[in-house]
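Asker: Sequence:
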Amino acid sequence: MLFSKIKKAVPHDSVWIMYSCEGSDPYFKKFISNKTIVPAVSFVTNNGITLLVHSLDEDNIKNFSGKKVVYDGKEPLRKEINEILMSIDMPQNIYLNYSDNMDAVTDVLGHGIYKFLYDNIADFYQNNSRPVKFHSADTIIYRLLEQKTEEDIKYMSICSNRALQIIKSVFKKIKTGMTEKHIFSLFHDVFKNKPAYFKTYGIVNEEFAWEEDVCPIVLVGPNLVKGGHSSPSDEALKPGYTVYCDFGVTIYLNDGRKYASDLQRMGYVLKPNEKTVPQQIKDVFDTLVTAISLGIKNCIPGKYGYEVDSIVRNYILSKGYPDYNHSTGHPVGQTAHSPGVSLAPKSSKRSHMRLQENGVYTIEPRIQINNGGSIEEMVLVTKNGGKTLCQPQQELFLI
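Numbering-wise (our numbering), the sequence shown opens with residue 1 and increments by one.
Among the hints, a few may not be true.
What the hints assert, rightly or not - Below, in silico cross-link-like pairs of lysine-lysine (DSS-like), each with a Cα-Cα straight-line distance of 30 Å or less:
1) Lys79 to Lys226
2) Lys383 to Lys30
3) Lys181 to Lys62
4) Lys8 to Lys62
Quick caveat, the hints were computed from the structure, so don't treat them as lab data.
Sequences are here, hints too, so could you generate the full structure?
Answerer: Printed below as a string of structure tokens:
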């Protein structure tokens with residue numbers, strides 16, 4: 001099933017070549033094998049997958065279902081590579097694991113290995129009077145990682161709801177006078193208590209979705225002017241302040257799979273004489289909710305990332321609020337920020353890619369003002385528009 005999906009991701013008259021030595025390429029490990037140590041090279045085409053593997057690792061890949069070519073190191077590796085290219089009719093397009101999008105997550109090949117592969121293959125094609133073009137494998141990797149299976153979606157929903165459960169628990173405990181650091185600590189306290197359903201679903205471990213010392217991100221009142229990657233401070237929560245939390249978890253299954261979540265929720269501290277939320281705060285919240293709903297509606301397969309960003313961002317701007325200094329959204333999968341389409345302005349290369357059906361992306365606009373706010377939802381792309389993986393925020397948490 002997996003190999004069939006991989007082959008379909010490679011364009012016609014093309015070969016996706018991955019080189020891995022002692023686990024150097026994470027996509028080789030994920031899609032081909034995590035059992036090789038000595039340099040191994042995989043060749044993926046529409047017609048099949050060939051693995052060039054050293055004899056020292058031959059016993060480790062007995063279950064590999066593609067074609068295996070074993071080498072013993074007596075001949076130069078470049079010669080072995082060329083013979084396989086000849087056997088698959090020397091496809092014109094060569095895809096390698098470097099990034100044209102300046103994406104550090106997919107730019108894994110390394111300059112030296114890139115030069116080795118590029119120079120050797122270019123010379124080989126030239127000597128055989130065959131045309132060749134080299135391409136970044138970004139689009140192949142993105143497509144494979146973004147398209148989620150029903151099982152993936154099930155566990156991403158569990159992971160999303162787990163993060164939301166922790167957020168809700170924390171908001172019940174937040175009190176006036178607590179600092180951002182105190183609220184941060186509340187998250188860590190609640191996180192320690194693992195639910196009984198983890199065992200039912202084969203969840204064997206849970207970690208914070210990003211670095212523990214900055215998960216969650218907590219901002220209150222005047223600090224909402226900051227961007228979204230700030231560490232918690234000694235700023236205390238006062239009546240009349242908004243408060244925002246950016247939080248996620250990563251769950252690990254007993255078969256080695258993992259899934260991440262990434263959510264943001266906001267609340268407001270009522271002043272002693274207030275029975276309802278003041279209009280200024282209500283406007284901020286309602287603007288965010290409406291902007292997100294417009295984005296969700298437009299999360300359909302084939303939509304460009306910049307199109308969704310523009311719809312959400314322009315709605316925020318139309319209400320007189322300033323622009324926010326980050327993308328409107330990003331893919332989520334094994335990590336909170338996964339490789340793939342960026343829901344960002346046209347200046348981002350990754351925004352010129354299309355949303356994938358069954359891909360999961362965040363939508364997270366921000367009103368970056370004093371007592372502003374931000375909400376983030378995880379959205380599954382379907383033919384009929386987006387679908388949130390957990391209950392979306394429709395009301396402010398009141399403190």
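Asker: Each of the hints needs a verdict: does it hold here or not?
Answerer: Do the hints match the structure? See the list:
1. Lys79 to Lys226: Distance ~55 Å between Lys79 and Lys226 Cα, so the pair is violated.
2. Lys383 to Lys30: With Cα atoms ~28 Å apart, Lys383 and Lys30 stay inside 30 Å; holds.
3. Lys181 to Lys62: violated (52 Å)
4. Lys8 to Lys62: holds (24 Å)
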